[in-house]
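Residue numbers (our numbering), protein chains in the order written: chain P, 6 to 367; chain A, 5 to 201.
Think of the hints as simulated: they come from the structure by calculation, not from any bench.
Please note that a few of the clues may not be correct.
[To be verified] Subject to a maximum C-alpha distance of 30 Å in a straight line, what follows is the list of computed DSSO-like cross-link-like pairs (lysine-lysine):
hint	chain 1	residue 1	chain 2	residue 2
1	P	K98	P	K148
2	A	K97	A	K83
3	P	K39	P	K170
4	A	K97	A	K165
5	P	K148	A	K83
6	P	K39	P	K98
7	A	K83	P	K39
8	P	K170	A	K83
9	P	K170	P	K98
10	A	K165	A	K83
11	P	K98	A	K83
[As the list claims (entries may be wrong)] Simulated restraints, written as ranges between beta carbons of each label pair:
hint	chain 1	residue 1	chain 2	residue 2	range
12	P	A130	A	P86	47 to 53 Å
13	P	V137	A	D135	40 to 46 Å
14	P	H38	A	P82	45 to 51 Å
[Said to hold, decoys possible] To be clear about the criterion: a stretch of chain P counts as covered by chain A if any three or more of its residues have a C-beta under 8 Å from a C-beta of chain A, and this derived list gives those stretches:
hint	stretch
15	25-35
16	62-69
17	253-266
Predicted model, so just to flag it, every value in this text is computed and none were measured.
From the three backbone atoms N, C-alpha and C, an ideal C-beta is built for every residue, glycine too.
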Amino acid sequence: MAAGVGKTYRMLQEGHAEQEAGRDVAIGYMEPHKRPETSVLAEGLETVPRRRVTYRDTDLEEMDLPALLARAPELALIDELAHTNAPGAEHEKRYEDVRDVLAAGIDVFSTVNVQHLESLNDQVAELTGTRVRETIPDAVLGKADEVVLIDLTPEALVQRLRAGKVYPGESIEAALRNFFTVENLLALREVALRQVAHEVEAKRLVIEEPLGTREERVAAEVPKAIGERLLALVRPQPSSQRLVRRAWRSAQRLGTGLDLLWVKPPGQPIEGEVERQVTALRHLASVLGATFLIEESDSLVDGAAQVVRERGITYIMVGESEQPRGLARLREPLPQRLMRATPAGVDVRIVAHRGFKDREAE
Amino acid sequence: MTAEHVLIAVALIAGLAGGYLFARSRWRGRRSERPQAIHQILLPFTGTAISRRSLDAALRLAHAEDATLMPAYLATVPKQLPLDCSIPAEAAKAMPMLEAIEQRATAQGVNIDSRIERGRSYRHALARLLDRERFDRVVVPATAEVGAGFSGDDLVWLLEKAPAEVLILRPAPGDNLFVTTTGSSHTKRRSGTRETQ
């Protein structure tokens, strides 16, 4: 999108992930822009040393293409795709170097700002009043297997700039006055989002099914229109995983959201095995796109009823309780208590616990 | 001994018996709610089928050692998405597999604590799982089929990195039965190359 959003940082993160996954990764060229956190992230990744080029009595540092090709890693990280090389290098532009690297069978992760795309150069210049001279043909981006947009709100980027995370202190005010205005960044963001949407659309191989008749479309929208929302009452125990799986499948069928709720007794510490199970539930919720909630209450029913009212829940799923013992046998079962405590129309479903059935069978 | 003494003795016995029964029921209740101690066997898998031999081996071990089996579905996240994004399509594949594994485990009296882990690659997902969870043993099937599960490199990496015993099951001539997502404990015959070491 623009300088300072974290392109280099993200490229290095992906490089680490690939290296961790067993790939041979090397940095072909990285521009830390005097950002310490970026330099720190580069540690642990092998860097192919740059070469010095003297041009008009000025020493410049460039990517050493022959050295990178000789090193031949599986994956090369090459920053600033639109960079123009110093005279005397193999190619005029870095994206041409990248072509050679790719031709040598080396995968490449690279970075580029949206304003460097040839077709967008005029548009960006018009929107921002600033024209960049280093551009790359759109076809270069079109050949990429994946295009990842590093998105940041203009406000957050300006905040990063003010905090000195993008440019050193003396350049900050000038940058804020000229290019880094919220209006400019908004325009760049919009252009970047549109461009990536266009790239994704162009790469889509699967054509969506036709939408069908009007009646079918209406029928498909009915569950959403009703506004169902599911709540699964969980506990930090492995057995809750099955309940979550069932609840998620129901939510998928209804095309609706899912909340997971643990009503925690007040004062109960979240530590040890409980903490581990809470983390597992939180992680599962994140995988499924569900929301994990912890409500502190003495009463499971009261805690659940409060969340039901707050979040407009229409459907509660609970796990099967163990056979009550002693005086607990006289107590009203949980589903009935839940139904009485929650607004009318809220359904309660019990998910059988497979283990209980087997125990009974024994 | 007077009737009064008898009454006091009866009351004492009744009180003690009641206290014992109450304490036992409380203890049982707490024990059933108490999560298992850490003694776990990790069974990582990918895709929509898992070798039945490796699952059975993991279950046998878990049963013998009174351990909890942790089947972990490894999912890959495309680079254009954040690593911590929701992955409903992958989850839809994982759920029936985990259900099928749980069904077999429950039938054998083995406790289950399943996971779904994300990564940029299967190995990256496994690395994240190794960081996040604690376990005593990893059971992993070796396969000769390209793209099916873990490669030789992955297994070497696992041996180096896993902070636990690693049990790699060598493919056997008869190892062509799989637990799949087509049913809770269904099996299928898979045609193709088989390792015959």
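To see whether the hints hold, each was checked on the structure:
no.	hint	in the structure
1	P:K98 / P:K148	holds, 17 Å
2	A:K97 / A:K83	holds, 20 Å
3	P:K39 / P:K170	holds, 9 Å
4	A:K97 / A:K165	holds, 27 Å
5	P:K148 / A:K83	holds, 16 Å
6	P:K39 / P:K98	holds, 23 Å
7	A:K83 / P:K39	holds, 26 Å
8	P:K170 / A:K83	holds, 25 Å
9	P:K170 / P:K98	holds, 28 Å
10	A:K165 / A:K83	holds, 24 Å
11	P:K98 / A:K83	holds, 26 Å
12	P:A130 / A:P86: 47 to 53 Å	violated, 31 Å
13	P:V137 / A:D135: 40 to 46 Å	holds, 41 Å
14	P:H38 / A:P82: 45 to 51 Å	violated, 28 Å
15	25-35	holds (count 3)
16	62-69	violated (count 0)
17	253-266	holds (count 3)
Figure legend: structure checked against the earlier numbered hints; hints not met, in rising order: 12, 14 and 16.
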